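Student: The listed protein sequences derive, respectively, from chains A and B. Just so we're aligned: 47 in our numbering is position 47 of the first sequence, and the numbers increase by one with no gaps anywhere. Just so we're aligned: 195 in our numbering is position 195 of the second sequence, and the numbers increase by one with no gaps anywhere.
Selected chain B positions facing chain A (in silico; Cβ < 10 Å):
{"hint": "1", "residue": "Leu317"}
{"hint": "2", "residue": "Gln318"}
{"hint": "3", "residue": "Lys322"}
{"hint": "4", "residue": "Thr337"}
{"hint": "5", "residue": "Lys355"}
{"hint": "6", "residue": "Leu356"}
{"hint": "7", "residue": "Asn357"}
Derived DEER-like restraints, expressed as beta-carbon distance ranges:
{"hint": "8", "chain 1": "A", "residue 1": "Gln21", "chain 2": "B", "residue 2": "Ile348", "range": "13 to 23 Å"}
{"hint": "9", "chain 1": "A", "residue 1": "Glu84", "chain 2": "B", "residue 2": "Pro330", "range": "15 to 25 Å"}
{"hint": "10", "chain 1": "B", "residue 1": "Arg327", "chain 2": "A", "residue 2": "Met113", "range": "25 to 35 Å"}
{"hint": "11", "chain 1": "B", "residue 1": "Ala173", "chain 2": "A", "residue 2": "Leu57", "range": "50 to 60 Å"}
{"hint": "12", "chain 1": "A", "residue 1": "Gln24", "chain 2": "B", "residue 2": "Leu326", "range": "19 to 29 Å"}
{"hint": "13", "chain 1": "B", "residue 1": "Ala310", "chain 2": "A", "residue 2": "Asn90", "range": "30 to 40 Å"}
{"hint": "14", "chain 1": "A", "residue 1": "Met113", "chain 2": "B", "residue 2": "Tyr263", "range": "43 to 53 Å"}
{"hint": "15", "chain 1": "B", "residue 1": "Ala310", "chain 2": "A", "residue 2": "Leu50", "range": "30 to 40 Å"}
{"hint": "16", "chain 1": "A", "residue 1": "Ser19", "chain 2": "B", "residue 2": "Pro125", "range": "52 to 62 Å"}
Straight-line alpha carbon distances no greater than 30 Å define the calculated DSSO-like cross-link-like pairs of lysine-lysine that follow:
{"hint": "17", "chain 1": "A", "residue 1": "Lys42", "chain 2": "B", "residue 2": "Lys346"}
{"hint": "18", "chain 1": "A", "residue 1": "Lys42", "chain 2": "B", "residue 2": "Lys355"}
{"hint": "19", "chain 1": "B", "residue 1": "Lys355", "chain 2": "A", "residue 2": "Lys94"}
{"hint": "20", "chain 1": "B", "residue 1": "Lys355", "chain 2": "A", "residue 2": "Lys82"}
{"hint": "21", "chain 1": "A", "residue 1": "Lys100", "chain 2": "B", "residue 2": "Lys342"}
{"hint": "22", "chain 1": "B", "residue 1": "Lys342", "chain 2": "B", "residue 2": "Lys312"}
{"hint": "23", "chain 1": "B", "residue 1": "Lys346", "chain 2": "A", "residue 2": "Lys82"}
{"hint": "24", "chain 1": "B", "residue 1": "Lys184", "chain 2": "A", "residue 2": "Lys82"}
{"hint": "25", "chain 1": "A", "residue 1": "Lys2", "chain 2": "B", "residue 2": "Lys322"}
{"hint": "26", "chain 1": "B", "residue 1": "Lys346", "chain 2": "B", "residue 2": "Lys312"}
{"hint": "27", "chain 1": "A", "residue 1": "Lys100", "chain 2": "B", "residue 2": "Lys346"}
{"hint": "28", "chain 1": "B", "residue 1": "Lys312", "chain 2": "A", "residue 2": "Lys94"}
{"hint": "29", "chain 1": "B", "residue 1": "Lys184", "chain 2": "A", "residue 2": "Lys42"}
{"hint": "30", "chain 1": "B", "residue 1": "Lys379", "chain 2": "B", "residue 2": "Lys402"}
{"hint": "31", "chain 1": "A", "residue 1": "Lys100", "chain 2": "B", "residue 2": "Lys312"}
{"hint": "32", "chain 1": "B", "residue 1": "Lys379", "chain 2": "B", "residue 2": "Lys355"}
By construction, these hints were calculated from the structure, which means they are not laboratory data. Every value quoted in this text rests on a predicted model; they were computed, and no experiment measured them. Note that CB positions come from ideal geometry on N, CA and C, so glycine has one too.
The lines below spell out each chain.
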Amino acid sequence: MKDFVLLFRNAGEPMNTLSPQQMQNLMTDWQNWMGGIAAQDKLSNSGYRLSTEGNTLKANNVTTDGPFAEIKEILTGVAIIKAETLEEANELAKGCPILKVGGSVEVRGVIVMNMDYNK
Amino acid sequence: MQKEKELIPQLYRAEFRKLVSVLSRSFGLEHIELAEDIVSEAFLTAAETWGIKGVPNNPVAWLYTVAKNSAKDQLKRHNLFESKITTHLQQDHTPAYETEIDLSTQNIRDSQLQMMFAICHPAIPPEAQIGLSLRILCGFSIDEIADAFLTNKENINKRLFRARQKLKEAHIAIEVPPVTEINKRIEAVLTTVYLLFNEGYYSQSHNTILRRDLCLEAMRLNYLLLENTATDTPAVNALMALMCFHSSRFDSRLDEHGEVVLYDDQDSSLWNQELIAKGNYYLNKAAQGNEVTTYHFEAAIAYWHTTKAAEKWEHILQTYNKLLQLRYSPIAALNRTYALYKVYGKAIAITEAEKLNLESSHLYHCLLGNLYTGEDNQKALEHFSTAISLTKSSVDKKAIRKQMIKIGQL
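So that you can see chain A by itself, here it is in the shape it has in the complex (with noise of 0.2 Å):
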């Protein structure tokens, strides 16, 4: 088994248009997807969901306002599976409720260091 880290974005569609209900609901969703994962023991790490206060820095003290300024798809979250190919991955991610709003998960493969350095 290897990890991939699942990289999740919305369309640029703002959150708060949803109403409490269709809010409660795509909470759900997420929860009996990422369930669905961790029942099969291919969850490694549930990861974060990100607020949207941050900014973006860069050479010579510049800062961009808010973690979106150049990019059109927010990131909105990360969390890391296990599978044992990119196919396998693929067909995990394919649940993910992110999917049916216009949003997108990227997936990676994760290089993974020898940090073993007493040899």
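Given chain A's structure and the hints, the job is docking chain B onto it.
Tutor: Relative to chain A, chain B alone:
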């Protein structure tokens, strides 16, 4: 004559553990067998003496005195040996033992709590912890332990012997760990309490009285932790809530033959409301602070099982989702899929079940057998047959056959 025959086993269950804990604390854990012998001897003396002379006015005090005197004799003999003989061998000698045996309520309680931490030490394998807990902390006889584990006395004696060896080899002190270590050490203690409870709740033994005793003992041990401010943590409260909720359904989940009644077939009027109320009390206490453990989620799941709320399966499913994200276990994965069926129907649950990769578990095939019943009876029967071939338990086989017969009648 009749009176002491009933009295002695009752006293044994209540007092054996207290005396052994106090004596072991004075002798040191390496002499735990000596403590057990002295206490057993005191009970034997009681059985002989009371049969002839009648039961004394205060039987507990009588037992304490007999055990105390023989412990003091032992210590005197030992100290004599240490001072007369060992000093010739060793230059630096300090007497190893105090001779005072303190049988105050406070010391009995403290000794038991300390003994719990000593037995539930990470160096001791979990199986040995359970056996020792039943013997030393719960005062179960070898026969009762053998019955609970569906094995014979010889096996239990061997298991306990090996467990005591481990205790000696690991040089574990009888003490409550310092505050800085409690959170880490308490995990092993809670695991043992939890396993002890499960042993009673899910045991294959048909002895329902014994099974109930196991559950009650687990709750009693957990209560010792709650009584001490240093160990009265949210996790301990959550485990207590979990056990209260589960045991509230004890009467409804076993039929008159000691066989398990499935949740959907249980008579909810038999659920014990007093225990449910206690569960709520401890669950509220568990919610204080920021710590969320698997016990919190399991307690919440057990809570929803005791309600008749329409949306309960929705809550159960969501809590299983969270529990699995915190820690995976095959049982939680299977139960989550059952909750998924209750909320979204069989088709979705079957798809998810078949992804679980638990083909070697009979419970997995039982679940699929259940889900396929009424959808594809042929497949249901195939899964039930596989389940039968995978389990060794005759109780399980019988229960599965019952479900197969039901399909034939559909």
